[in-house]
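Student: Spelled out from the first residue to the last, the chains are:
Protein chains: 4
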Amino acid sequence: MYSFNNDYSEGAHPKILEAMTRTNLVQNGGYGLDEHCTRAREIIRQETGSKDADVHFIVGGTQTNLITIATALRPWQAVICVAQGHINVHETGAIEATGHKVLAMPGKEGKLTPDEIIQAFEYHTDEHMVQPKMVYISNSTEIGTQYSKAELEALHRLCREKELYLFLDGARLGSALTSTVNDLSVKDIAALTDVFYIGGTKAGALFGEALVITHPDLKPDFRFMMKQRGALLAKGWLLGIQFEELFTDGLYYELASHANDMADILREGIRNMGYTFFSPSFTNQLFPIFPESVINTLQKEFIFSIQEKEEDRSVIRLVTSWATRQEECEHFLSVLKTCSM
Amino acid sequence: MYSFNNDYSEGAHPKILEAMTRTNLVQNGGYGLDEHCTRAREIIRQETGSKDADVHFIVGGTQTNLITIATALRPWQAVICVAQGHINVHETGAIEATGHKVLAMPGKEGKLTPDEIIQAFEYHTDEHMVQPKMVYISNSTEIGTQYSKAELEALHRLCREKELYLFLDGARLGSALTSTVNDLSVKDIAALTDVFYIGGTKAGALFGEALVITHPDLKPDFRFMMKQRGALLAKGWLLGIQFEELFTDGLYYELASHANDMADILREGIRNMGYTFFSPSFTNQLFPIFPESVINTLQKEFIFSIQEKEEDRSVIRLVTSWATRQEECEHFLSVLKTCSM
Amino acid sequence: MYSFNNDYSEGAHPKILEAMTRTNLVQNGGYGLDEHCTRAREIIRQETGSKDADVHFIVGGTQTNLITIATALRPWQAVICVAQGHINVHETGAIEATGHKVLAMPGKEGKLTPDEIIQAFEYHTDEHMVQPKMVYISNSTEIGTQYSKAELEALHRLCREKELYLFLDGARLGSALTSTVNDLSVKDIAALTDVFYIGGTKAGALFGEALVITHPDLKPDFRFMMKQRGALLAKGWLLGIQFEELFTDGLYYELASHANDMADILREGIRNMGYTFFSPSFTNQLFPIFPESVINTLQKEFIFSIQEKEEDRSVIRLVTSWATRQEECEHFLSVLKTCSM
Amino acid sequence: MYSFNNDYSEGAHPKILEAMTRTNLVQNGGYGLDEHCTRAREIIRQETGSKDADVHFIVGGTQTNLITIATALRPWQAVICVAQGHINVHETGAIEATGHKVLAMPGKEGKLTPDEIIQAFEYHTDEHMVQPKMVYISNSTEIGTQYSKAELEALHRLCREKELYLFLDGARLGSALTSTVNDLSVKDIAALTDVFYIGGTKAGALFGEALVITHPDLKPDFRFMMKQRGALLAKGWLLGIQFEELFTDGLYYELASHANDMADILREGIRNMGYTFFSPSFTNQLFPIFPESVINTLQKEFIFSIQEKEEDRSVIRLVTSWATRQEECEHFLSVLKTCSM
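Chains as they are written, first to last, in the numbering used here: chain A, 839 to 1179; chain B, 839 to 1179; chain C, 839 to 1179; chain D, 839 to 1179.
Don't read these hints as lab results, they were simulated from the structure.
Be aware that a few hints might be false.
Given that identical chains are not distinguished, each listed pair holds provided it fits within a single copy or across any two copies.
Stated by the list, open to error - DSBU-like mimics (lysine-lysine), calculated; alpha carbons at most 30 Å apart, straight line:
hint, residue 1, residue 2
1, Lys1025, Lys1000
2, Lys946, Lys987
3, Lys1025, Lys987
4, Lys853, Lys889
5, Lys1000, Lys1057
6, Lys1175, Lys1138
7, Lys946, Lys1147
8, Lys1147, Lys1000
9, Lys889, Lys987
10, Lys971, Lys987
11, Lys1057, Lys971
12, Lys987, Lys1000
13, Lys971, Lys1147
14, Lys1175, Lys1147
15, Lys971, Lys1025
16, Lys889, Lys1025
17, Lys1000, Lys946
Values in this document were obtained by computation on a predicted structure and should not be read as measured data.
So that you can see chain A by itself, here it is in the shape it has in the complex (with noise of 0.2 Å):
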């Protein structure tokens, strides 16, 4: 059984563990500040050309979400995203649980619309209800999908107008600045957010999540919360070296194109057969929809989940990662072939 479940399934690149070993009995001072994490931060500020960032690196996801939003928020205060959001739905209730309502909108493939921010905000109008303060997004998106520059400038404006915070989960940013439809840069990402994360555990780390906060409210005491919700790692260093190795000679890019090109090889393959999509994907996430006979055929060979079950077809997920093999998925496409003979 191969498995395109996730873009975690394996380890992390060579070099990471290369690093790992080689300096594994220096000894290094506690919690993130040793001299790979304070070179990990150099790196990521040139980088994302935001010379002033804070920059703090965290084990998961799930932690640097609850953590920036709940450190954003005044306790009246709510964050807006899309119904299909991270924080919405995955996270078991997490920033409900540091206090924090999610103002959950429809989205459009995937992705929050301006029009969506205005109308959460003005029907937000006194103190019966709570605040919008933030707008939650990710690039790319839970479906696959991805902001253009003109989108994401256009969140931007809305959200300086609006005195709300932007914030970005990266996870899988590699995915997105890397694929063949991505017009954005790093650069721009800093410039247009006001905090967000570069994904390291879906991107070639073992774990551990960049992020970069340049709005300056939101960088006061951060070091507080991240003890506070049990984010500071004892060993930090082994987040700096993991984030030297990925931004050192672009890895980071080259792993994210890696696994994309993975991913267009499936979506042509199985565009190609004939099959819809139900996302349009340009990442390594794809949603293709296929009868359950097919289904039940690959699930035979492969190892990925039923997104949304349908009467006689379903949407699957396919994910593909740095480390994901390139016969695997010609395999999955001979083994799909025969179905739709």
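Here the structure of chain A is known, so what remains is to put chains B, C and D in place on it, guided by the hints.
Tutor: For chains B, C and D alone, kept in the frame of chain A given last:
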């Protein structure tokens, strides 16, 4: 200017103020441990046919909702309600502030359907998502509609089957129970829910809601939670006195009937002039749809809120109460008539 | 049985009930946005000499404490108080339930000293510990003592220097301000704190605390927080009316003086019989130390609480109020006298 | 500069890195539902003699503490610990941030005594105060001391009697279990507590704590809470692999013994030069008391923390680990010797 803005624009029924004045200098124990509360609890147990119920008196509805829900749920559990649910919209995120997600479903005429509960329940499959554990409904609802006995029985059965607590917000229970289309008794309400409350604030009291807990899981240590959330009123007997008065000689139902009678006058008058309504309400909240010009004229003499603004007409909300004067209802209709000519 | 158990055993001063009765059927806007509250706010601004203060009316003390503290603090911040502080012991963890640690210091005669604040402040050095940001004191204190002007000035100076908010719980402020040893005015209180409240519940109102916010950081969006925690009373004018009455013609001080006068009678009588006190109180709470046998005799005719049980003697708490009858104080002393013979 | 600053200054025992490298490209299921975790759970159940225990792997100690405590307690309940307890001082209010009060008692040599638990339990008498429901202890403690079997049995009996959950923080359990004065086995620990954890971070793992839940009340839905607090590691097998290695061939105990051996060298050397200690530790944390001049000299070559500053001498903290080199301990003593001449 006469106000149809809400059902809490006046003080209390005179009998209540008289009882408070009569007992004013008698010493009482604090925090609801006094003879008035004891007697009021007993009266309510009899009235609701639930002799083993725990009865607590709380100053306001938001407090009652947040304390009840936060007591019932474990940290990862969520409450299902309709999108218009008071807890979802008009409590400034009070439930989320206790750490719990509100799962809002569209509803039908302001009422939650069994199908929607099943849908919400089945959507949440594992530990990556919140766990639905309570259903919150209002009777009458936020848009004036009300549950029939058959509807409440269906919800009750489903909740039992799925091990969901059923919580009924009765801020306007009196109006529901005395409406012309009602087929539920307060004993039915007690038998078909796990916890519910009888609203006093909108029904002739100065303030106060009587919470009736019938499910044994929800009873232990409830007063700890009340105290922690600031809901143990020091002079708790003030709550006891009010419910003693309301449930002596049927005052509660009499006052609610008056509110409904006034709403009936308004509704029939408005309908006869050819206007339609946003929802089919037979309780003390009406939602007629008027052109802007009509609304402008009415606003010169009456206070009411705009529920939903559309292009050239809007839904307004008219609320009657135990204190509403019949001549003001008639005057409203006469002003409306001038608009319609 | 006559109760010296607390200062909230009776209803309200008759003027308050009369005012409520007089205005009972006048329509008012909800949630504190009415003319009575507006007028009461203005009266309190003048009384406290703080013309720019925000004034809010809240039903009870625990609500007032938790809302004020949770509004002032960011998630990782803590509040310093004495070990006996109401928020530390007698609010069922209400402050912790909003997410904040209470840093309890021993105190001296129930009062927090500058040295203790410095100690707590300096102990918390980095992001592995909470960040002290507020100081909470009560005046009069939980054991009946009170701050002198010099003491409050010293706390004020220190808090300014350390950028700590200074919050004064004035549930029993009237008793402190009218005691024979007081040298503080309510204007001093306003000038030397960042936020404080004037207690009504224990001072002749049915219920209600008037919160006075002078520090600009603590003002924005305060009503959002009140609503979220269930503290926007629907019929908010009931609070406004009470404070209008209390601060017309000095009723508030008159009632507090009466309570102190009654305590003076008790204190002097007890002292003259040779008993000692747990704390040097000149306010309406006395803590005499009696042998068990004396306590047993007193308990046959009077209700009071045991503060601290020791081997063969205990500290009891006697509380007088605006409603305490002089003849009952004298009767208490005469019963005590029989024990002592 | 050599660091005795903590026991998490180096990476992991080489066997752990080798196992990670060996399995790096094998696909695994996410979130701890993989074969390594399954096997590690089984090994730990056998090792601890608790075949029905639920075992969860969590990245760090603060996360483990806050999740365990917040799962065990209802909103109004509190946890008892010693004043120095990690949860009371060094987790930035993580427990309070979940809504619960920490009831800190003085302790004796860093250990909680049955008398203190009784005192805390009896002090909290009604719904105006929090309800103690859990006892938190650390073994070894924050100041290097450890519980004897008799002491743990006494705590266990008392907790059973009072219906308090007993939770043991085993961040440094290995050091306690292998110290020369220990008389407890890990099976005893499991039998005498309701939930405890075996620390990996400070015992040769890169990171990770193995939580062992034996009390049935604490088991249901635990993974929901883990997910909500961001503690379900995507590549969860990394935790499983580490505990597989640690509990194969006794590596865990071997590494802990080494840390203790190194501490023994330091302790005996320091003692022989006539210095005294703040606490009687036989584990890997030592708290010698040195004059300032000695500390200044030592700081030129070694990194360590100052535990308590006094006038002209201070308590310092020296921590050894699985990776501590014997020659550095000897060098420390030789430098110390030069100071003492």
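Student: Output the numbers, in ascending order, of every earlier hint that fails for this structure.
Tutor: none
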